[in-house]
Amino acid sequence: MRYVTAGYTVVLVVLALYAVQLVWRRRRLARAVDRAMARSTGPLAGPPAGPATGGAP
Amino acid sequence: MTDDSTTATATATAAGAADDPSTAIAGTIGSGLVAHPPTAVAPNTGVTVSPVQSPRSRMIERAIGALALVGTVATVWLGIWVTPPDKTQGDLVRLVYIHPGVAWVALYLAFGLAAVSSLLYLWPRTRSLFWDRLAAASVEVGVVFNVCTLVSGSIWGKPTWGVWWAWDARLTSTAVLLVLFLGYLALRRVPAEPEVRARRSAFVALFAAVDIPIIHFSVNWWNTLHQGATVLNANLSPQIHGSMAWTLLLGFVALTLVFVWMLLVRYRIGVLEDWLGANELDLALAERHSEGSGRLDGPVADRPGAA
Chain A
5 MRYVTAGYTV
15 VLVVLALYAV
25 QLVWRRRRLA
35 RAVDRAMARS
45 TGPLAGPPAG
55 PATGGAP
Chain B
60 MTDDSTTATA
70 TATAAGAADD
80 PSTAIAGTIG
90 SGLVAHPPTA
100 VAPNTGVTVS
110 PVQSPRSRMI
120 ERAIGALALV
130 GTVATVWLGI
140 WVTPPDKTQG
150 DLVRLVYIHP
160 GVAWVALYLA
170 FGLAAVSSLL
180 YLWPRTRSLF
190 WDRLAAASVE
200 VGVVFNVCTL
210 VSGSIWGKPT
220 WGVWWAWDAR
230 LTSTAVLLVL
240 FLGYLALRRV
250 PAEPEVRARR
260 SAFVALFAAV
270 DIPIIHFSVN
280 WWNTLHQGAT
290 VLNANLSPQI
300 HGSMAWTLLL
310 GFVALTLVFV
320 WMLLVRYRIG
330 VLEDWLGANE
340 LDLALAERHS
350 EGSGRLDGPV
360 ADRPGAA
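Heads up: the protein sequence lines correspond to chains A and B, in order.
Residue numbers for the first sequence follow our numbering, beginning at 5 and rising by one.
Residue numbers for the second sequence follow our numbering, beginning at 60 and rising by one.
The reader is advised that the hints may include incorrect statements.
[Claimed, not checked] Derived list of chain B stretches under chain A, where covered just means 3 residues or more per stretch with a C-beta under 8 Å from a C-beta of chain A:
hint, segment
1, 214-226
2, 264-272
3, 325-331
[To be verified] Selected chain B positions facing chain A (Cβ under 7 Å, derived; list incomplete):
hint, residue
4, Cys207
5, Leu342
6, Glu346
Source of the hints: derived by calculation from the structure; they are not laboratory data.
Built from N, CA and C at the ideal position, the CB exists for glycine as well.
Model the full structure from these sequences, guided by the hints.
Here it is as structure tokens:
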């Protein structure tokens, strides 16, 4: 029975750790995206991208 | 990241997304993919990504995750405490309720999906980075399941065969597949343009996928230690019955749901990474621009040449 216990434990622990890692990675990236979006749409922000106007009106 | 913004994004892009099959599929797996207007579509990319996930896809993802958890707990409960021991294998048969399930997910579902997605990426009519992202997500999850397959098989093999590992055709070909797809993941980390990376990866995935039928038929082609097909055999007559059969089937379903949930989350990670990668330059420019605006809005004396 100890082989059975070991087999179930290894599989379940590996899958659980990977699942936790996936959720953590997604949360970290989602926060980074939120920060980036907030930066690009903040009160001092100009257009998010584009050529410089070079003093044109 | 609000629900309103999600809806607005989806509505604003629905018209452009309508003619892209990958976008429609992506919507169902919660990617939030957004298609360019036809005139702006790059021929080798097809779609760009939105970092916003719709509430519907989030709800589907959570439901699948809950079902996967319940199914896995039920499989463990039935497998360890409810089903009877086998006449010849004794309690070791309990490992059979998870080992074929993880093998099914790794070898057929995950790597099969990666191969199909890679083929669809290489096919000019369906070329889209959606398929590349899906293949990458599928391979990563598949590698984890492949490791579980080899480890659980090895733990079953020690008391049954007397060794942790044998250079058996099925075991060896499964280990080769793991190495090939680890190579795939390593290749994806080589810096390159997204399209170049996608093309390279797709070729490698298709090359690696040749090993899948070899693994499947290895027990027929060679004289192996590993047993032949128990359920999907040539006569299609399952060699397992009663509560054992139902527990095995539940294990397949539960682990498939675990795979689907992991695939959704991993795909989402790919979307977020791609969005950050694609907008890195724009965001840096915006930040620089805002810094410049802030300086010019300051006191006149601070401006260059004011003196």
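Quick rundown of the hints versus the structure:
1. 214-226: Answer holds; 4 residues pass the 8 Å Cβ test.
2. 264-272: violated (count 0)
3. 325-331: holds (count 4)
4. Cys207: This interface hint holds because 5 Å falls under the 7 Å limit.
5. Leu342: holds, 5 Å
6. Glu346: Interface hint status for Glu346/B: holds (6 Å vs cutoff 7 Å).
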